[in-house]
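J.: Sequence:
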Amino acid sequence: EVYFKNLSKQKQKEVMEKNGNNHKLRVCVATCNRADYSKLAPIMFGIKAEPQFFELDVVVLGSHLIDDYGNTYRMIEQDDFDIHTRLHTIVRGEDEAAMVESVGLALVKLPDVLNRLKPDIMIVHGDRFDALALATSAALMNIRILHIEGGEVSGTIDDSIRHAITKLAHYHVCCTRSAEQHLIAMCEDHDRILLAGCPSYDKLLSAKNKDYMSIIHMWLGEDVKTRDYIVALQHPVTTDIKHSIKMFELTLDALISFNKRTLVLFPNVDAGSKEMVRVMRKKGIEHHPNFRAVKHVPFDQFIQLVAHAGCMIGNSSCGVREVGAFGTPVINLGTRQTGRETGENVLHVRDADTQDKILHALQLQFGKQYPCSKIYGDGNAVPRILKFLKSIDLKEPLQKKFCFPPVKDNISQDIDHILETQSALAVDLGGTNLRVAIVSMKGEIVKKYTQLNPKTYEDRLELILKMCVEAASEAVNVNCRILGVGISTGGRVNPREGIVLHSTKLIQEWSSVDLKTPISDTLHLPVWVDNDGNCAALAERKFGHGKGIENFVTLITGTGIGGGIVHQHELIHGSSFCAAELGHIVVSLDGPECLCGSQGCIEAYASGIALQREAKKLHDEDLLLVEGMSMKKEEVVSAAHLIQAAKLGNTKADGILRTAGTALGLGVVNILHTMNPSLVILSGVLASHYVNAVKDVINRQALSSVKTVDVVVSNLADPALLGAASLVLDYTTRRIY
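Heads up: the sequence shown begins at 372 in our numbering, then just goes up one per residue.
Keep in mind the hints are simulated off the structure, nothing from the lab. Careful, some of the hints might be misleading.
[As the list claims (entries may be wrong)] Within a straight-line C-alpha distance of at most 16 angstroms, the following computed EDC-like cross-link-like pairs (lysine to aspartate or glutamate) qualify: (1) K617 - D722; (2) K818 - E833; (3) K745 - D1101; (4) K617 - D764; (5) K819 - D1089; (6) K761 - E426; (7) K489 - D466; (8) K1018 - E992.
[What the hints assert, rightly or not] DEER-style ranges, computed between Cβ atoms: (9) G999 - N922: 43 to 51 angstroms; (10) K596 - P482: 47 to 55 angstroms; (11) G999 - K818: 52 to 60 angstroms; (12) A420 - K596: 48 to 56 angstroms; (13) D594 - G475: 46 to 54 angstroms; (14) C949 - H895: 30 to 38 angstroms; (15) D562 - T1045: 42 to 50 angstroms.
Every residue, glycine too, gets a C-beta built ideally from N, C-alpha and C.
Throw the hints in and build the complete structure from the sequences for me.
T.: What follows is the structure, encoded as structure tokens:
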């Protein structure tokens, strides 16, 4: 998106003039197997839909043309694409030598095809050995290459092939922010990198609404229900074939013991696949009543099968990428996908060396439903890619230029990338204190720094930068890899730009402040900023009572009253970033004046400031202190004194707390009638004092349909810091077993 914001209309006009207004971009799309076609097909449909701009040539090679792998070229024909050339390039044998020979055979056959087609650009996907042959041929024949899904990290030889293609490619379409950063780190030109998302997500995110029961019955049997079957897809690991075959054998044993209907797809054409098929036949999988073994499932139908499965198991990239869009539980076996970004639906079994370990993983994952993950796309990849293609200037020099960075120390590098110590830098800007912490993926606060919050903007920003640099340096010593910086602050925040729009009165000189840019520039890390109430809700969603809950509300009861709303697993910000200002719900037309200037807000009754105000009134009238209480002469009256007095039998103090609790309860009732959440979480120092009063008001005042809502007190020790950390960690969530 940044690329296209910077690409002016004038630039596009110049490109059209240079290329010739009547020149159509001749695009060659080469597809090698069922997996890469699922990513390339949406792009091909988009190109075909705009014949005024593009000419499409389709080249089919690899396992598409092999009967043992389903003759999957037929699905390309069924999609009404004209196949210009079919190249038989696979040398059978399914071992390491056969893979090398297949690359060689493709290199022999491709030059003649490319000479005839003379494409302006070739689109190559992914990390398969066939794709390496395509990229090598095109590069040596001076044909521009657009590489899809470069910059990602995984296991096996695929990593090396993917990065080799990156170095041959002239243009790059990547799926995640991390992949984009990897490409930049590999010295690729930032202007030739497009962060588009995964093209297959354009289909995935609308797939679940379609009819699916007939598809499930067709592939698994008429008696199968949704969420009550397993999809298994496991490929050989070419760098450790013997171990991967043994792991596949253990997987099948575990699936047989688990005794659920299972759809098993045959492995790909990599070295070791023939031995894996022998294992399937040795165990009688093709004739077992609980198993359906198939060579190929059309992608549209495969989407429906994994979307409604009780679990997916194996080591396919589909499991850690596409399946996250549906929240389907996934068990990722072995090292083939090591390093992939995954959603929290993925349970990794890195060393699957026993049947019991895999069986236990099935017991943990089967039938669960996780939040849908959009790590790899938002459903709009194809329009971005087509716009990117139109912007290519064929008059520009073909020779690639690499952008080598200056060599300098970077505080976020040079440590072991160990998953258990991946961490976030969390910043909490409170009215009194400024806190910075290193927070691990598991929500553990590894180290915390606290300073008084300066009164001026310049001093405050200087202190934030100083504390963040100190914490990032210390992270190396405690073996933590900092993934990014999350900032929780009071006031109204634009989280997209990282700007504090308006501050609360508790933080002075804190309006129209860009926090994201100076911190990101100093630390060379991504930065996220949000309102403290929203951060509290994020903390609950990741680490607290809100984990796995689709709709819930968090209310912070502290110096002020704030909160956050999570609806359908997503945080609500509102059209002007003013959603969830729950403290300013009006519960009385003639109530006490609030700091916002209105009257009768919840905050005017139930905040710490409001309780302190009432405590001072009682103290001034000598009605606060009761037997068992004492105050020093210079001691400032606070809400804590009011609470203590109420506990010791002061009826007036108790009445004030009851009124505050009732006001908060009425606000919660309004929230229930508006948002209808299934859970209300009270957070902050006053939460335990209000929870019973809130429940009483709900029982008296709420509609019967919402009275069953759960109202709980947060069990998080530091929701502000954990919420700030969640801003970072939600993008890189992994689970290890």
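J.: Decide, hint by hint, whether the structure agrees.
T.: Hint-by-hint comparison with the structure:
Annotation: proposed proximity of K617 to D722 holds, straight-line Cα distance about 12 angstroms (limit 16 angstroms). Distance hint between K818 and E833 is unfulfilled; the C-alpha atoms sit about 20 angstroms from each other, more than 16 angstroms. For the proposed pair K745 and D1101, the alpha carbon gap of about 11 angstroms is at most 16 angstroms, so the pair holds. Of the pairs offered as hints, the one joining K617 and D764 is violated, with about 51 angstroms between alpha carbons and a cut-off of 16 angstroms exceeded.
Straight-line distance between C-alpha atoms of K819 and D1089 comes to about 11 angstroms, which keeps the hinted pair within the 16 angstroms bound. For the hint pairing K761 with E426, the CA-to-CA distance comes to about 12 angstroms; that is within 16 angstroms, so the pair holds. A distance of roughly 34 angstroms separates the Cα atoms of K489 and D466; the hinted pair therefore is violated under the 16 angstroms criterion. With a CA separation close to 19 angstroms, the supplied pair K1018 and E992 exceeds the 16 angstroms bound.
Against the hinted window of 43 to 51 angstroms, the Cβ-Cβ separation of G999 and N922 comes to about 44 angstroms, which satisfies the hint. Taking the beta carbon of each, K596 and P482 are about 53 angstroms apart, inside 47 to 55 angstroms as hinted. For the pair G999 and K818, the supplied restraint of 52 to 60 angstroms is violated, since their beta-carbon distance comes to about 40 angstroms. Between A420 and K596 the beta carbon distance is about 38 angstroms. The supplied range of 48 to 56 angstroms is therefore violated.
With their beta carbons about 49 angstroms apart, D594 and G475 fall inside the hinted range of 46 to 54 angstroms. Separation of C949 from H895 is about 32 angstroms and conforms to the stated range, judged on CB atoms against 30 to 38 angstroms. As the Cβ distance of D562 to T1045 is approximately 46 angstroms, the hint placing it in 42 to 50 angstroms holds.
Violated hints for the displayed structure, listed by number in ascending order: 2, 4, 7, 8, 11, 12.
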